[in-house]
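*Asks:* Read off the chains here:
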Amino acid sequence: MTELSRRHLILASGAILLVSPAQAGQPASAAKRWGLLIDTRKCATDCTVCVDACKSEMGLSGHDRPLTDAQYIRKVDVKDPATGNAHSLPVMCQHCAKPACVDVCPTGASMKRADGIVLVDRHICIGCRYCMMACPYKARSFAHEEQTGQKPYLPRGKGTVEGCTLCVHRIDDGRLPACVEACAAKAKGAMLFGDLKDPTSEIAKRVAAEATTRIRADLGMEPGVRYQGI
Amino acid sequence: MIKTEYKEVRPFTPGWVALAGGLGAVIVAALAAVWTMEHQGHWVTGMTNQVVWGMPHVFAVFLIVAASGALNIASVGSVFGRAPYQPLGRMSGLLAIALLAGGLAVLVLDLGRPDRLFVAMTHFNFKSIFAWNVILYSGFFGVVAAYLWTMMDWRAKAFYKPAALAAFVWRLILTTGTGCIFGFLVAREAYGAAVMAPLFIAMSFAYGLAVFILVLLFVAKTTRRPLGDQLLTRLVRLLGLFVAANLYFLALHHVTQLYFAGRGAVESYILTGGGIYTTLFWGGQVALGGIFPLIIAFGGCGHAVRKRSAMASALVVLGGLAQVYVLIIGGQSWPLDLFPGMEATSSFADGRIHAYVPTVLEIVLGIGGIGIFGFIVLVGVTALRLLPTDLGDSVAESDNMC
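These protein sequences, in sequence, are chains A and B.
Each residue of the first sequence is one higher than the one before, counting from 1 in full-length UniProt numbering.
Each residue of the second sequence is one higher than the one before, counting from 1 in full-length UniProt numbering.
One chain only, chain B, in its complex shape (with noise of 0.2 Å):
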């Protein structure tokens, strides 16, 4: 058996100060992009009293969702024993944290009363999926903490499996929930399905490992850590699977939705009528999120294995973006039905499509998201020793996984 050596990433090079300088700038403007809409008020953003939830919760739910799925790595390889990805283990759990992190950040920003964030941890109201969420992506932090703890320190060896498992069960559990809050709306049209929890699983594990990949890429390069093509092979073959379960969690969806005759204006809207939405399911999600990616994992692209890899996550990660938009933006869009089979309007725009147009304030905030998740990153790596020297194949051969 091969032994892992991990080790640090140096700090204070031009490249790390470079990437901690830029990061550190996109949260600054995040956070002044939120100082401008708490203090404004919420009229300054697109969101409108018909579309309440806006793009800092396209980012918000994107990253939240990737930040479990960015744990499946380290479970392969704990849980399930595979031993490629065991090296990676720690990184796994470091992006699911910093994921994680980086969407509640963008979650509670946004929120209408951020600073009353002390009044959501000491109430609850345990019939809120809300609520169970909230103890569930703190218990998160808690559970994939104690998880890298028992990976890195030899000590604590005899808790790894137990704590892996529990990881694992807590990923499956929260990403049920987060499904769950657009899954146990009844009055929405476009949500309202129990598919939804298993839907946005399989999302969570195609995001999080698109996401994983990308970062693996990046850390190779800029590190000069030695980074095996076999294991990228695996890596890409796994993320087209998960990009499969996507496409037939959603398929399933959309087939149970026009199959209810009265969800069937709302399907006509979102598949061929809803203008960016129809594009964006079209083009976004389905073409670039989900077919490309899929052609790209299963060898119908002559590129190396490592531009493969990068390809197909980055298009992953985008399709993922329009999905998640069209999911919450594209079904706010459609109007609640209060009188089924009659036509209504009013001052409070019933009965008609509501227009959304997000504002660079809450793309700043969004972005921001995405700024707390690479700095916590780059803290992470520089500080404990997370990542491996070596990535080479020679770990990877004993496996037979794909």
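One chain only, chain A, in its complex shape (with noise of 0.2 Å):
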């Protein structure tokens, strides 16, 4: 784990102030679209800083399984066979902006917010799984088992599936999620958070000038996620 900076701190605190808190009672708006930009070439092959701050927010102890237990943040190695030239990124929910989670889900459980953040009603859930049937990102997890230390923002029961919420809490409560905030604050930065549809954002004004690229962007499904570097 990397030390807390100065220059760490700072930026994490920068970062925060990207984000205004929605209005308590009030529904998601479309006027906003949460969004992610992951600059590549700051994320270090053995960080996995992003992935630590998720287990430790959405409270993810696992059960030492890994073929059952629940990732929402992984990091993936990309190499390219014909030049070896090779880096390293998160991957997560995409909260696409048409999502095929959604599209599939039989009972409306897997859903999107107007704000584009796509999320799971545990209530509604009946674990059939074809949403992970979906998903090409392979973002999504069943809880195989009974699950403990949950948290009171994040409702995990056995036999439901789940994923990435972009923290939605913290973002309805003007906070960064916490993979955004814990890459800032002890990694390099690699994480931008913000709203897309705000020309004014960071975000958008980054976007608008740098090349940026969504995971298969080929399948038409508008990911909020956008990367450099890959």
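I should point out that these hints are in silico values taken from the structure, not numbers from a laboratory.
Mixed in with the good hints, there may be bad ones.
Claimed, not checked - A few chain A residues that don't get close to chain B, going by computed Cβ distances all over 12 Å: (1) 30; (2) 70; (3) 150; (4) 188.
To be verified - Derived CB-CB ranges, DEER-like: (5) A:218 - B:254: 15 to 25 Å; (6) A:155 - B:135: 22 to 32 Å; (7) B:135 - A:123: 56 to 66 Å; (8) B:254 - A:220: 24 to 34 Å; (9) A:52 - B:145: 51 to 61 Å; (10) A:83 - B:355: 23 to 33 Å.
We put the CB at the ideal spot given by N, CA and C, even for glycine.
Fit the two chains together into the complex; they arrive one by one in their own frames, and the hints show the way.
*Replies:* See the structure below:
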């Protein structure tokens, strides 16, 4: 774990200022489109700060069973076999504008908020796992066993499907997603969070000015997560 | 015109009790497996976050697909007016209902939250083909029950043809829906093709008829009802035709896949380097479930027709299970391609073949679906006049279909 430096602290506090809190009791607004911009050039292969922060924030203790334990965010190491060029990047729910998981869900448990955050309503998820079959990003996990240490803002239960919420509880509170905050504070600040629809936001300015890529953009799901350096 | 006489099966004979007891034991064992899976969670099965649908889904899909196919005999008799098949229409309807019930039971009992079945029946996302299937499956019960009613009650005779046509159209839509569950998965390279729908229809024709023939032979033998060779000859030839159709759509699917450069790797995996999936593909679905039944059906074997039809049908069932296994499990074992053309690795098994080993729990649950099917058939033929007393060839002579 990297030690918290003054530079990192400033980065983190600066990032916090990018987000304004939602009004309590107000529904999510379609005027916003929350998104992420991830600069993989700042993303070290052995760095798992974002992954660790997610586990801690979401209470993902796991059962030491890698094939069935939940992973909301993971580091993927990618290598071009033709050139040998390699890089590492975090992959989580891409919070698509046209999410396949939402399309296929029979009960509507998989849903997209007006502000673009894709969630699972754990109260009406029947555990059919069709969303896991449909998601091109392998972003969802199935709660294969009894869960302990749940957080008040993240109901988790055996037999339902779950995934990255973009830390919706934090966003609605005017805070940054845990991974973004941790990356800024403890790593190189590779993750930028903000409102893609707000032309004055840092993320909107960056995606307008710089070349960015979306994973499997060819599938047409219009992910809310963009990458640089891949 | 010869009037067909129907008669219930006599209950509580030693054979009846033994069969009911055996099927009951299978169902109880399946329920015990379900209790363990739901109590412990799905980690006790072979299913993972990579292979999310496992052996229960293989049995469930096989049974559901076979259900619509089993109705074909009734449809051939009523919609297409083929007289030899008409006496078997009631049994055809019963098998369709029983197979669907068995398949759906397995599917529901494998859910992460089977206790929320009511939620699935009351919350519909109409963009989901799964939700449409919930409606199609539920409706199938109603449509086939109504169809059976018109077959059994002379007062409802006026509705016989419309009910037959409705059931025939419904079963085609239903199997289209089942195929589309896979056909609509754009990210899974092994699926994601419109040909899945007609492929599933061809599969249903073959599986359903194979199950029908096996049950027919069993019923004829155990209840000592005469069964004509001429009828069996027609049925086994029809089975051959359906098997050929299945092979045709299967070939079409794989040739299409091979033609797309981006899908060459997954095809190479399934067809040549996929280990158990390659073995099951060529040895199971193509050889056992395809080529052998074709040879048997069209006369390349010297056995009596009764034996030929039993062999061909059993092979189609085994080959069918292999086909669904390769499709569902083999397709999922191929990793999702997040970065085309690149090599990927992660703690979440990105970029590598996903292993899957079915557990006894899953297999017992799947076989439980067959038990439910058998039990419903047994109760049905015992309680209702669904089986003709005579399946001799006299009724078959006017037909010239096969």
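*Asks:* Please check whether residue 135 of chain B and residue 123 of chain A have a Cβ separation lying inside 56 to 66 Å.
*Replies:* violated, 22 Å
*Asks:* Taking the shortest Cβ-to-Cβ distance between residue 188 of chain A and chain B, state whether it exceeds 12 Å.
*Replies:* Holds: least Cβ distance 20 Å, greater than 12 Å.
*Asks:* Residue 70 of chain A clear of chain B by more than 12 Å, beta carbon to beta carbon?
*Replies:* violated, 8 Å
*Asks:* If I claimed the Cβ atoms of residue 83 of chain A and residue 355 of chain B lie 23 to 33 Å apart, would that claim hold in this structure?
*Replies:* holds, 30 Å
*Asks:* How does the Cβ-Cβ distance of residue 254 of chain B and residue 220 of chain A compare with 24 to 34 Å: does it lie in that range?
*Replies:* holds, 26 Å
*Asks:* For residue 155 of chain A and residue 135 of chain B, compare the CB-CB distance with the range 22 to 32 Å and indicate the outcome.
*Replies:* At 29 Å between Cβs, range holds.
*Asks:* According to the definition I'm using, a residue is off the interface if its beta carbon is farther than 12 Å from all beta carbons of the partner; does residue 30 of chain A meet that for chain B?
*Replies:* holds, 19 Å
*Asks:* Range hint 15 to 25 Å: satisfied by the CB atoms of residue 218 of chain A and residue 254 of chain B?
*Replies:* holds, 23 Å
*Asks:* Go ahead and decide if the range 51 to 61 Å is satisfied by the Cβ distance of residue 52 of chain A to residue 145 of chain B.
*Replies:* holds, 57 Å
*Asks:* Quick check for students: does the CB of residue 150 of chain A sit more than 12 Å from each CB in chain B?
*Replies:* holds, 15 Å
When the structure is compared with the earlier hints, violations turn up for hints 2, 7 and for no others.
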